[in-house]
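Enquirer: Starting from the known structure of chain A, fit chain B onto it as the hints suggest.
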Amino acid sequence: MIVAAVLFAYAALLSTVAPRLLRGAHWAERAPRLGIMVWQVLGASALTAAVLAGLALSVPTVRVSTDLAELLQACVMALTAQYATPGGASAGAAGAVLALAGLGRVAWCTGEALLRIRRERRAHREVLDMVGRPDTTRGLVVLDHEEPAAYCLPGRHRRTVITTGALHALADDQLVAVLAHERAHQTERHDAVLAWAQALARAFPRVPLFRIGEAEISRLVEMRADDVAAARSGRLITAAALLAVAGGRAPAAAISAGGSTAARRVRRLIEPHHPLSRLRIAAGSLTAAIALAVPLLVVGGPAAAATQLNYCPDGTPAAQVTTMR
Amino acid sequence: MAQFGELEAAIMDAVWAAGKPLRVREVLERLSRNPEPAYNTVHTVTEILHRKGWLSKEKDGRAFRYGATRSREDYVAGLMGEVLAVAENRTATLARFVQQMPHGEAEELHRLLDQAVAREASK
Chain A
162 MIVAAVLFAY AALLSTVAPR LLRGAHWAER APRLGIMVWQ VLGASALTAA
212 VLAGLALSVP TVRVSTDLAE LLQACVMALT AQYATPGGAS AGAAGAVLAL
262 AGLGRVAWCT GEALLRIRRE RRAHREVLDM VGRPDTTRGL VVLDHEEPAA
312 YCLPGRHRRT VITTGALHAL ADDQLVAVLA HERAHQTERH DAVLAWAQAL
362 ARAFPRVPLF RIGEAEISRL VEMRADDVAA ARSGRLITAA ALLAVAGGRA
412 PAAAISAGGS TAARRVRRLI EPHHPLSRLR IAAGSLTAAI ALAVPLLVVG
462 GPAAAATQLN YCPDGTPAAQ VTTMR
Chain B
5 MAQFGELEAA IMDAVWAAGK PLRVREVLER LSRNPEPAYN TVHTVTEILH
55 RKGWLSKEKD GRAFRYGATR SREDYVAGLM GEVLAVAENR TATLARFVQQ
105 MPHGEAEELH RLLDQAVARE ASK
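Just so you know, the protein sequences line up as chains A and B, in that order.
Going by the numbering used here, the first residue of the first sequence is number 162, and it counts up by one from there.
Going by the numbering used here, the first residue of the second sequence is number 5, and it counts up by one from there.
Next comes chain A alone, as it looks inside the complex (with noise of 0.2 angstroms):
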């Protein structure tokens, strides 16, 4: 019971407290492969925890036996002497609906969002084939269309597209900032990481370590892309190639307050670049893998401890297969 409740309280914690902590921060700017990893491990981090929390609900501790016979035997006692009492019983069901709710949802969610993505990838290539022109020596397809615009669409047949208007607005050192960029995106499997993330925010909307950590997620895959590029390209060349295609075109309404990303990309590849010391990543590696451990921890600690105890009750069957040896 007191581990379910302190891992209950881990994921709330986790999934409220933790993203308003995190958001917008400014050392995930500086170190976005960092940022990425660790929004990514507090999601999964909560997850865990929630799931273990309603198995720890339905499945009481025994005690671990080098037998199999006779943890068998611990087992089925220790499950019939908690849902003899009413109140265990209905603990353990609620439990148990829970992890297997949760889990289900996130498998669900998962799946469906994969199958949409693959869907509208494979729909948008078959025109994109028929439309575009191939440029076979820098491995582009060219769309006839006077807006700059460049994009991939990720997956096993991969494209990257530009159109005709971003062609003239770049120059070639831009150009090849771009295509960086790009690369970029889908060597570090970034799609997969968004729609990672993606799926989690439409399992649980209104958790707000996903909803948020889906926003940031998105932002800091393209910062990440943004520095691969500025690393062969030079930053202010990709900050000129970003402004090059974005333009001053979008209605100014919809725009959040703050600025939009596009601009933030910009600026902060036109400011001084101080990236995160290799000792201050060490320590954020190492903070994120404390949080992911946490919850196995609070499980494992008094299953650990109780291969010392015996569970069952003496003269249990249990008892006297010990005793009869």
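Be a bit skeptical, because a hint or two may be false.
Stated by the list, open to error - Quick look at which bits of chain B chain A covers, simulated, 3 or more residues with Cβ under 8 angstroms: (1) 12 to 22; (2) 78 to 85; (3) 97 to 103; (4) 112 to 120.
Just so you know, the hints here were simulated from the structure itself, not pulled from any lab data.
We treat Cβ as the ideally placed atom computed from N, Cα and C, and that holds for glycine.
Expert: Relative to the frame of chain A, chain B by itself:
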């Protein structure tokens, strides 16, 4: 079907370039492909395009004429609509290089960028 992909695109190019419905024979004449595909292949792929809704088919004497149901620009506009819609509704279907920004914001950033480039040059 995948091996027909390029031929499908080439046939659509020919029909769009002609700007009017074509017979299969005329399509074949306008395909500048090496080696030249067989009449039957072009006929089959044209029928596939008709079934997929890319080409309309009308009787002309003893043969059929195939015309584009929508212009190339229409399809491109449709794709661009999907790309530009990414702003409001993140779908992870495609990754856009950068969203559009409003005029004032872009102007200020251009000024900042020019200053930074000048600073870099004077170093």
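Enquirer: Against the structure, test the hints numbered earlier, and report the numbers of the ones violated in rising order.
Expert: Going through the list in order, the structure violates no hint and respects every one.
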